[in-house]
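Chain by chain, the residues run as shown.
Protein chains: 2
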Amino acid sequence: MKIYFNCELVSEEDARVSVFDRGFMYGDGVFETMRAYGGVVFKINDHIDRLRRSLTMIRLENLPLSDESLCEAIYDTLNANAVTEAVVRLSVSRGEGPIGLSIAFCRQPMIVIAARPFTPYPEDYYTNGIKLITAKIIRTPANALNPMIKSLNFLNNILAKAEADDVAAHEALMCNVNGHLAECSTSNIFFIKEATLYTPSVKSGILDGVMRAQVLELACEAELQVVEGEFFPATLYRADEVFVTNSVMEIMPVTAVDAVTYPVGRATVKLMKAFSKHMERYLQPRQYRQ
Amino acid sequence: MKIYFNCELVSEEDARVSVFDRGFMYGDGVFETMRAYGGVVFKINDHIDRLRRSLTMIRLENLPLSDESLCEAIYDTLNANAVTEAVVRLSVSRGEGPIGLSIAFCRQPMIVIAARPFTPYPEDYYTNGIKLITAKIIRTPANALNPMIKSLNFLNNILAKAEADDVAAHEALMCNVNGHLAECSTSNIFFIKEATLYTPSVKSGILDGVMRAQVLELACEAELQVVEGEFFPATLYRADEVFVTNSVMEIMPVTAVDAVTYPVGRATVKLMKAFSKHMERYLQPRQYRQ
Numbered sequence: 000m001k002i003y004f005n006c007e008l009v010s011e012e013d014a015r016v017s018v019f020d021r022g023f024m025y026g027d028g029v030f031e032t033m034r035a036y037g038g039v040v041f042k043i044n045d046h047i048d049r050l051r052r053s054l055t056m057i058r059l060e061n062l063p064l065s066d067e068s069l070c071e072a073i074y075d076t077l078n079a080n081a082v083t084e085a086v087v088r089l090s091v092s093r094g095e096g097p098i099g100l101s102i103a104f105c106r107q108p109m110i111v112i113a114a115r116p117f118t119p120y121p122e123d124y125y126t127n128g129i130k131l132i133t134a135k136i137i138r139t140p141a142n143a144l145n146p147m148i149k150s151l152n153f154l155n156n157i158l159a160k161a162e163a164d165d166v167a168a169h170e171a172l173m174c175n176v177n178g179h180l181a182e183c184s185t186s187n188i189f190f191i192k193e194a195t196l197y198t199p200s201v202k203s204g205i206l207d208g209v210m211r212a213q214v215l216e217l218a219c220e221a222e223l224q225v226v227e228g229e230f231f232p233a234t235l236y237r238a239d240e241v242f243v244t245n246s247v248m249e250i251m252p253v254t255a256v257d258a259v260t261y262p263v264g265r266a267t268v269k270l271m272k273a274f275s276k277h278m279e280r281y282l283q284p285r286q287y288r289q
Numbered sequence: 000m001k002i003y004f005n006c007e008l009v010s011e012e013d014a015r016v017s018v019f020d021r022g023f024m025y026g027d028g029v030f031e032t033m034r035a036y037g038g039v040v041f042k043i044n045d046h047i048d049r050l051r052r053s054l055t056m057i058r059l060e061n062l063p064l065s066d067e068s069l070c071e072a073i074y075d076t077l078n079a080n081a082v083t084e085a086v087v088r089l090s091v092s093r094g095e096g097p098i099g100l101s102i103a104f105c106r107q108p109m110i111v112i113a114a115r116p117f118t119p120y121p122e123d124y125y126t127n128g129i130k131l132i133t134a135k136i137i138r139t140p141a142n143a144l145n146p147m148i149k150s151l152n153f154l155n156n157i158l159a160k161a162e163a164d165d166v167a168a169h170e171a172l173m174c175n176v177n178g179h180l181a182e183c184s185t186s187n188i189f190f191i192k193e194a195t196l197y198t199p200s201v202k203s204g205i206l207d208g209v210m211r212a213q214v215l216e217l218a219c220e221a222e223l224q225v226v227e228g229e230f231f232p233a234t235l236y237r238a239d240e241v242f243v244t245n246s247v248m249e250i251m252p253v254t255a256v257d258a259v260t261y262p263v264g265r266a267t268v269k270l271m272k273a274f275s276k277h278m279e280r281y282l283q284p285r286q287y288r289q
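As given, the protein sequences belong to chains A and B, one line each in that order.
Each step along the first sequence adds one to the number in numbering that gives the first Met the number 0, with nothing skipped, and position 213 is 212.
Each step along the second sequence adds one to the number in numbering that gives the first Met the number 0, with nothing skipped, and position 48 is 47.
These are computed hints drawn from the structure, not numbers from a lab.
Even for Gly, the Cβ is constructed at its ideal location relative to N, Cα and C.
The reader is advised that the hints may include incorrect statements.
[As the list claims (entries may be wrong)] The following label-pair restraints were derived from C-beta to C-beta distances:
| id | chain 1 | residue 1 | chain 2 | residue 2 | range |
| --- | --- | --- | --- | --- | --- |
| 1 | B | Asn44 | A | Pro63 | 41 to 49 Å |
| 2 | B | Gly37 | A | Phe117 | 53 to 61 Å |
| 3 | A | Ala258 | B | Lys202 | 28 to 36 Å |
| 4 | A | Val201 | B | Ala81 | 48 to 56 Å |
| 5 | B | Gly37 | A | Pro232 | 28 to 36 Å |
| 6 | B | Asp207 | A | Leu282 | 48 to 56 Å |
| 7 | A | Ala79 | B | Glu12 | 48 to 56 Å |
| 8 | B | Ala81 | A | Asn142 | 28 to 36 Å |
| 9 | A | Lys135 | B | Lys130 | 36 to 44 Å |
| 10 | A | Asn142 | B | Arg106 | 52 to 60 Å |
| 11 | B | Thr234 | A | Ala79 | 57 to 65 Å |
| 12 | B | Thr260 | A | Asn142 | 22 to 30 Å |
[As the list claims (entries may be wrong)] Chain B regions said to be covered by chain A (calculated; three or more residues, Cβ under 8 Å):
| id | region |
| --- | --- |
| 13 | 39 to 45 |
| 14 | 69 to 79 |
| 15 | 136 to 147 |
| 16 | 248 to 258 |
[Unchecked claim] DSS-like cross-link-like pairs, simulated, lysine-lysine; straight-line CA separation at most 25 Å:
| id | chain 1 | residue 1 | chain 2 | residue 2 |
| --- | --- | --- | --- | --- |
| 17 | B | Lys149 | A | Lys135 |
| 18 | B | Lys149 | A | Lys149 |
| 19 | B | Lys192 | B | Lys272 |
| 20 | A | Lys149 | B | Lys135 |
| 21 | B | Lys192 | A | Lys202 |
| 22 | A | Lys135 | B | Lys202 |
| 23 | A | Lys135 | A | Lys42 |
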């Protein structure tokens, strides 16, 4: 595998950061995970926009690459690995710096791009749904470290995911400090009740997922009203249908949250189909470009 | 500089972790910062005990080294660099793993030890005190990611420190989600009022600092009662004296918190002297060993 590393493509063996890189020392950086379909990175501009917002929020604004150069670097990485169906991870750390937390002396951010062949989730996850548990650990509140920052500080999510693994659930749902639903360890949550699609609002302390935005856009095609708000788990338990989203899993039905079960419902299937159609349209014109 | 890296001493140039190391990808690991005096690492066992507690709390328990081997590795690193007055950083990450948050497939933790010559803080900090500000950002609550875990997730502290840097303050004081005093970005806070020494309790959501424990032990030598509790900033503003502690700065007087000023008080100086005396006693017998 070739990795984009500090402005050049190197072998995986050579893609190594100093132990004094602040990414390794403090998780001091941000990242994006994207999906390439037929060689086209879905919503690449949205991902780069969000990366910029994350960078601004952690005050890392001296990136040596323009948005266009970042796009180019992502496609160069895909091409160097000759992968078209891929998961792309773009990470930016604050680079090396002296000991201590001050950010003033970190001169050179570290940019890493890896493109791995996409391994599909088991088909069964989409046809029969996955199981969630509500984690005991709460989502880090926005006034401590805003979940809108897709940062390299992921221990909160990792410990939530470990709670899910303990009971052989697929994902961990996290509530915020007020007890409202926030998001899952690596996905956004949605539920449907009587032709309305509900999802925790950004005010709930979540990452504003690129796939989340896509689903909200598609809701009217599936004849669903949309309500973004603050919801307690009890409301989710009474839902008709539940699903989660992220850029890699897309729309994945949920058939159990804790002890409550749900069918893979008609509206969820409609949304999944609407997304497939949208992807066809999205990819069509772009293929001529190549 | 020689770095202890994955069970051997290598040059700084070769001390590089894979970009797929979970320390770099997710801040998935823990660390300790220690101080060596005359070649003796102060409270090394307390640091290793805390490292173990941190590791347990993040479910990273397959460390290939015993406590004795960790101690040995620390001293090997000091000796390889021929430093006796040093700051030692011991980091443990979960090592490389497949993409995704599950910890189940990470087989080989990464252990890194670096020993840098100790650069003293300006003498002025100890004689005239430092300035703190109260950060707007709150300390991550214990039910999201316990501050008792000295983890590689340090963005919360980094962003607090940046607030201090903005106004040329030396340290940022963070409150918890309830508005109680918690701790500074890399130090514990103490204040004195009428012969009583106050410090936020562990319940306030703090790291239980090794130097904090040392100061609490020394309090009676300085004729101070000790109260660990939950305090609002207003209580701190009304204090007679304030200081902060960590293993590198030891006891450092604080002469301003926000708009409130304090003298470098008699009790603080007494504690600083008690600590110096304690260090003499602490180092004495150990020097025969070497």
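Hey, A/Lys149 versus B/Lys135, does the alpha-carbon distance stay inside 25 Å? 20 Å, holds
Against the range 48 to 56 Å, how does the distance between the Cβ atoms of B/Asp207 and A/Leu282 compare: consistent or not? 54 Å, holds
May I ask you to test the hint 28 to 36 Å on the CB atoms belonging to A/Ala258 and B/Lys202? 32 Å, holds
In this structure, is the beta-carbon distance linking B/Gly37 and A/Pro232 contained in 28 to 36 Å? 57 Å, violated
Verify the proposed pairing of A/Lys135 with B/Lys202, using a straight-line Cα cut of 25 Å. Holds: A/Lys135 and B/Lys202 sit about 18 Å apart, inside 25 Å.
For the region 248 to 258 of chain B, do at least 3 residues have a Cβ located nearer than 8 Å to some Cβ of chain A? violated (count 0)
When you take the CB atoms of B/Thr234 and A/Ala79, is the distance between them in 57 to 65 Å? 59 Å, holds
The hint says 41 to 49 Å between B/Asn44 and A/Pro63; measuring C-beta to C-beta, is that right? 45 Å, holds
Is the hinted pair B/Lys149 and A/Lys135 satisfied, with a Cα-Cα distance of at most 25 Å? Status holds; Cα separation ~20 Å.
Please count how many residues of the region 39 to 45 of chain B have a CB within 8 Å of a CB from chain A and say whether that reaches 3. violated (count 0)
Using the Cβ atoms, figure out if A/Asn142 sits within 52 to 60 Å of B/Arg106. With Cβ atoms ~37 Å apart, the hint is violated.
Is it true that the CA of B/Lys192 sits at most 25 Å from the CA of A/Lys202? 40 Å, violated
Going down the numbered hints, you'll see the structure goes against 5, 7, 8, 10, 13, 14, 16, 21 and 23, while the others check out.
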